[in-house]
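Undergrad: Chain residues, written in single-letter form:
Number of protein chains: 2
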Amino acid sequence: MKATHDILIETKRALPALAASGEKKNAALKAIASRLIDEKDVILQANALDVEAAKERLGDVMIDRLTLTEARIEGMSQGVLDVAALADPEGRVLRRIERPNGIVIEKTSVPLGVVSIIYESRPNVTSDAAVLALKSGNAVVLRGGREAFRSNQAIVNAIHHGLEDAGLPPELVGFIEDTDHRSADEIMNAVGLVDMLIPRGGAGLIRRCVENALVPCIHTGTGICHVYVDAAADQEKALNIIENAKTSRPSVCNAEEALLVHKDAAESFLPKLKERLVDQRVDRGLVPVELRLDKRAAAIIDGTPAGELDFDTEFLDYILAVAVVDDVDAAIEHIGLHSTGHSESIITEDPEAAAKFTSLVDSAAVYVNVSTRFTDGGEFGLGCEMGISTQKLHARGPMGLEELNTYKYIIRGDGQIR
Amino acid sequence: MKATHDILIETKRALPALAASGEKKNAALKAIASRLIDEKDVILQANALDVEAAKERLGDVMIDRLTLTEARIEGMSQGVLDVAALADPEGRVLRRIERPNGIVIEKTSVPLGVVSIIYESRPNVTSDAAVLALKSGNAVVLRGGREAFRSNQAIVNAIHHGLEDAGLPPELVGFIEDTDHRSADEIMNAVGLVDMLIPRGGAGLIRRCVENALVPCIHTGTGICHVYVDAAADQEKALNIIENAKTSRPSVCNAEEALLVHKDAAESFLPKLKERLVDQRVDRGLVPVELRLDKRAAAIIDGTPAGELDFDTEFLDYILAVAVVDDVDAAIEHIGLHSTGHSESIITEDPEAAAKFTSLVDSAAVYVNVSTRFTDGGEFGLGCEMGISTQKLHARGPMGLEELNTYKYIIRGDGQIR
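Those sequence lines, one after another, are chains A and B. Here the first sequence stands for residues 19 to 436, numbered as in our numbering. Here the second sequence stands for residues 19 to 436, numbered as in our numbering.
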């Protein structure tokens, strides 16, 4: 097994080879897309071993996340081509300043350098992260989870072959072979070798990175997302959006966890909510949603009384905390106190309420009449994503190509002194 | 004395009042500019007490930094008006994405929230920081140094009066009354109350903030800046730039600390360098520069032999480390190993060497034929600056209005679900 430190150094050393033209980068991505198809059988075999080994330990949902199929590999390969087709984020002049003394200052986007991602089970993150990094001019150090180790290695092999086909060093995509805690710790401490670390996985992993990393680290993923149903809401729209945001995939960070309802809408809306999320779902043979109600909501419909922590919990389950609020200001205040800054949505036909909500809610994604489930790189048209930032510095929301760049000032003159 | 924690809470609470139109913000800045003039005498009296008290402890340079004059206060007031005249950074749509499903995504610049700055002696930082923060839509917590306490307080009083004149709460500019270490520590730990912390001062302060802060903190200021004299340099330009970069103000972070000279230029250039920086300066009654020479440079001119750490030291003094390098690639490699990522300059008439240098040198500001001394908010046309970032995430180089904003995604639709 190759030492983590050696891989970090190799990746950093390979970086200058990527000071490449957009065409060279795109040629590499196309070669990688081809190699993923060419090496499909090898990847599927490796994946079968991972799935077999994990069956005893993981539940159905996790096994599904881990499992690759021919179609999924084709999707992965297509995803690489989609990223290749996006605009090159490098070298954009973000601002140009000409000064009276004749110097010309160009604020220019440039790659961060070496980006590292620590992730858990899904093997498609391997190709997503590698191609986003390469397209944006970065080298990348991948540290996946133990369950997907063989799958990830087979995918990385295909990526390495693609880089070689395009005349670039395979070391641009470093693959950590040690899936122990130690290797994650080593990456977190690799000052000078890693320019940005993105943890992508459960709350425990993210907390460990944010609290311990000495390298710059992005806080990702935790989502206590709110939907607020205004007095002026189209209630049918609200029901559709809430059912989608809560139940289409409860285990993900952009799922709804709390519902706020304007007091003037509560009497008419809450009974419909219970019908849609509980009664109808039982009838349709679907998992019903457990409603955890504050006192004002409990005065209108039946449900579980909300406990003290229910408005501060990322359930990731068929559970929804429900509160009645006085108005949009009270909703905004509640969100300010309880949100993790991920995604919130207002359902209203009133432009003033919508404007107030989008202006004052301080989260990465603020929606009007749309499900929170759209906070996703693919859904935003970014190709895919490195993770979803819930911090405010550098990047916020889904991190695509632009967020994998920093900038530098390039200043040209003719001997100017100060 | 008001408790630091109370001021932090008051500032955070005042923030929503600033969700103001650009006009309201500009009215406040204009009122502040007037108040600084109106209250000039009070500020000068307070400053005289600070200067008197500091005379025993501080050297001449520091006393000069601390001292206010009528002209300096007028400059401060004009600076406020200059910032008011800049474009409003808030509410810019940085990217607009229309998706096939009809949702419209706008990546929109928004204030960070509460920005805090911990700074040392110069009282003009008080007004610079306050007006940059207000203009960019942020509340600010100011924690200045003990030496300038009375001056800062008088300036903040004028700012508070200006805010009141404009109908805004004075609490938008929080002023920490405790100048002890404890108050700095409290700010560093004020999670949820401070969205970004900028230390602006000596290396010790910056290190303490970066290492200990729990709130997001920007690494600022340390500058081991390089000038590289290429084989194709105009040597007269090079001499002017080097003398300016090294001697115009040796104590600041954008001053040159190390000089690299192409081996083909060294024989002809180094004797001129010694003449300009040592002999002529002695003749002109100026402080000569001590040259610390690597072996190859020492073979050509006289000087101090460079010690092991001389290429990794921010001298902030009339000292220059000098090395001879094989070519532009060797210069870039040297800079990669020894720079703090602040500012570097190539002196060359060769466009290819310039292009290589600007592309591969990974620093906040990369110059061609210009002195490194221009890395400064005012010189960049940003009005003034909150500090100079030497990190890569979020902000790099002089931090002006745009760098005091983050963004959020505002997504509008008509009931879209996923």
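Each hint should be verified, as a subset may be incorrect.
Chain copies aren't distinguished; within one or between two, either way the pair holds.
Calculated cross-link-like contacts (lysine to aspartate or glutamate; reagent style DMTMM-like; alpha-carbon spacing at most 20 Å) [unchecked claim]:
id : residue 1 : residue 2
1  : K30       : E204
2  : K125      : D394
3  : K42       : E261
4  : K255      : D432
5  : K125      : D106
Don't read these hints as lab results, they were simulated from the structure.
Undergrad: Hints first: check each against the structure and report whether it holds.
TA: Now for the hints, and whether the structure bears them out:
1. Only within a single protomer do K30 and E204 lie at most 20 Å apart by alpha-carbon distance; the minimum there is 15 Å, versus 37 Å between protomers.
2. Taking the shortest Cα distances, K125 and D394 sit within 20 Å of each other only across copies (14 Å), while inside one copy they are farther apart (28 Å).
3. Neither within a single protomer nor between protomers do K42 and E261 lie at most 20 Å apart by alpha-carbon distance, with minima of 45 Å and 42 Å respectively.
4. In this homomeric assembly, K255 and D432 come within 20 Å of each other (Cα to Cα) only across copies, at 8 Å, whereas the closest approach inside a single copy is 62 Å.
5. For a Cα distance limit of 20 Å, the shortest separation of K125 from D106 qualifies both inside one copy, at 16 Å, and across copies, at 18 Å.
Checked against the numbered hints above, the structure breaks only hint 3 and satisfies the rest.
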